[in-house]
Amino acid sequence: MSESLSASAAAKPSLAHASTGATGLARRIIPCLDVRDGQVVKGVQFRDHRVMGEIVDLARRYSEEGADELVFYDITASPEGRSVDHDWVSRVAEVIDIPFCVAGGIRSVEDARRILRAGADKVSINTPAVRDPDLVDALADAFGSQCVVVGIDSIVQDGAWTTRQMTGNPDTMEHTGLQTLAWIEGVVRRGAGEIVLNCMGSDGTRDGYDLEQLAAARAVCQVPLIASGGAGEARHFTEVFAAADVDGALAATVFHSGALPIPELKATLAAAGVSVRPC
Amino acid sequence: MSLAIIDSGGANIASVRFALQRLGAESVFTADPDVIRTADRVILPGVGAAAAAMHHLRARGLVECIRTLTQPVLGICLGMQLLFDSSEEGDVDCLGLIPGRLRRFPGAPGLRVPHMGWNHAEPAKDDPLLDALGREPWFYFVHSYYAPVGEHTLAACRHGIEFSALVRQGNFRGAQFHPERSARDGSQVLKNFLEAA
Numbered sequence: 001m002s003e004s005l006s007a008s009a010a011a012k013p014s015l016a017h018a019s020t021g022a023t024g025l026a027r028r029i030i031p032c033l034d035v036r037d038g039q040v041v042k043g044v045q046f047r048d049h050r051v052m053g054e055i056v057d058l059a060r061r062y063s064e065e066g067a068d069e070l071v072f073y074d075i076t077a078s079p080e081g082r083s084v085d086h087d088w089v090s091r092v093a094e095v096i097d098i099p100f101c102v103a104g105g106i107r108s109v110e111d112a113r114r115i116l117r118a119g120a121d122k123v124s125i126n127t128p129a130v131r132d133p134d135l136v137d138a139l140a141d142a143f144g145s146q147c148v149v150v151g152i153d154s155i156v157q158d159g160a161w162t163t164r165q166m167t168g169n170p171d172t173m174e175h176t177g178l179q180t181l182a183w184i185e186g187v188v189r190r191g192a193g194e195i196v197l198n199c200m201g202s203d204g205t206r207d208g209y210d211l212e213q214l215a216a217a218r219a220v221c222q223v224p225l226i227a228s229g230g231a232g233e234a235r236h237f238t239e240v241f242a243a244a245d246v247d248g249a250l251a252a253t254v255f256h257s258g259a260l261p262i263p264e265l266k267a268t269l270a271a272a273g274v275s276v277r278p279c
Numbered sequence: 001m002s003l004a005i006i007d008s009g010g011a012n013i014a015s016v017r018f019a020l021q022r023l024g025a026e027s028v029f030t031a032d033p034d035v036i037r038t039a040d041r042v043i044l045p046g047v048g049a050a051a052a053a054m055h056h057l058r059a060r061g062l063v064e065c066i067r068t069l070t071q072p073v074l075g076i077c078l079g080m081q082l083l084f085d086s087s088e089e090g091d092v093d094c095l096g097l098i099p100g101r102l103r104r105f106p107g108a109p110g111l112r113v114p115h116m117g118w119n120h121a122e123p124a125k126d127d128p129l130l131d132a133l134g135r136e137p138w139f140y141f142v143h144s145y146y147a148p149v150g151e152h153t154l155a156a157c158r159h160g161i162e163f164s165a166l167v168r169q170g171n172f173r174g175a176q177f178h179p180e181r182s183a184r185d186g187s188q189v190l191k192n193f194l195e196a197a
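If you're matching them up, the sequences are chains U and A in order.
Count the first sequence with our numbering and you get residues 1 to 279, in order.
Count the second sequence with our numbering and you get residues 1 to 197, in order.
Hint data in this document are derived by calculation from the structure and do not stem from the laboratory.
One should not assume that every hint holds.
[To be verified] Pulled from the structure, derived: some chain U residues nowhere near chain A, Cβ distances all over 10 Å: (1) D57; (2) G204; (3) R206; (4) S257; (5) L260.
[Unchecked claim] Pair ranges (Cβ atoms, derived): (6) U:D158 to A:R135: 52 to 58 Å; (7) U:Q179 to A:R103: 34 to 40 Å; (8) A:E64 to U:G201: 56 to 62 Å; (9) A:D85 to U:D37: 22 to 28 Å; (10) U:V95 to A:K125: 33 to 39 Å; (11) U:V156 to A:R104: 36 to 42 Å.
[Claimed, not checked] A short list of chain U residues far from chain A (calculated; beta carbon distances all over 10 Å): (12) L25; (13) V56; (14) E94; (15) R131; (16) A160; (17) T176; (18) D207; (19) E212; (20) G248; (21) T253; (22) I262.
Since we're looking at a predicted model, the values are computed, not measured.
The beta carbon of each residue, even a glycine, is placed where N, CA and C say it ideally should be.
Please model the entire structure based on the sequences and the hints provided.
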């Protein structure tokens, strides 16, 4: 499979990473597992969470299927004022051999240290970064930028992309007053090593990623950028890599439901000339 | 077989230990020079900055210990970088076991820094560390500084410029990528290291 993927990538270099072909980096396919009470759940536009399966079972399945990375969001953590229970972090680290990132309720360097010690490769902060932007600097100083992901929930408001916080629970969700693009530039200056931009307007709709917003984010984001929100079929992934030049694409329901097996997605991407790691 | 993982001050040791366990190898995490000297295999991991890691090794009296090891040693990520002469990161002298200086990726549109994600390496010479990897192994990288390609390069990789993905100088081996997080190909590198003569 490896050779056919390379051949098709060479034939259509326009979608290879860094259109010059100067890097061999693959675009990353990242299943996102929203975790609540030790189980993987998924809602539509952040509401009505349904149980999708056990954390470790799903982690192993995606690792074996060819996912490039996993993200675990403990969506209950911030609203309830508690940190991620890291027992499952260690159980995930034991069984999978691809990188994974943990998000949810990480408010201090010590919170992050516990999760990295348990075996996570990165931590992602969202609401705590909005409340205390210095936390981004502190995490980057303590562990290096490569461990520090900033997650951003963004939605159009009054004609501008603005960020929201406390998005795990509709009752506690708040506006932050932050403009999304300026916030991206700010956290990257502070040491964020990667940005996950979740476009709330498209999240859960399965109508495709928010290409316009992601392309605008790409233009101001010098570190890896991961698209989130709206994937419903393979075509949406091809589009987001082509139109927004993102480094990775994150999705949940389309993978959890079995609608789009990762080997099939990667074959489609490779045929379209996108550089992917063979499954 | 005894296997020592050197405490180089980084936070993420669990994933390396788990990867070795999946291959049936138990390890000890230690900063004790006697334990390190007498181990059959030694792994030098590392996450963070070169200057902080060298400071940590010096403070624990481990620099000479590591420099004089004769058994197979594997540096991982920053641990590989520390095997070189020096690094531009904090302008620091490293262990001086492999000639060369680590430099920062210049970055450019489409060439994000850190170099983060899966990239494929191209074997540059025959070595048991490359056994059963095929012609295009894929590995997971996370780094902002790179080791230039040289005599010691076993496999090279490209991100704007070509750099060393796997290196070897005598008993000292190094992987710029994270073998513990590089699926089948990474696991194969660890297996090859455990089986090294």
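**Q.** Which numbered hints fail
**A.** Violated hints (numbers, rising): 9, 12, 14, 20; every other hint is consistent with the structure.
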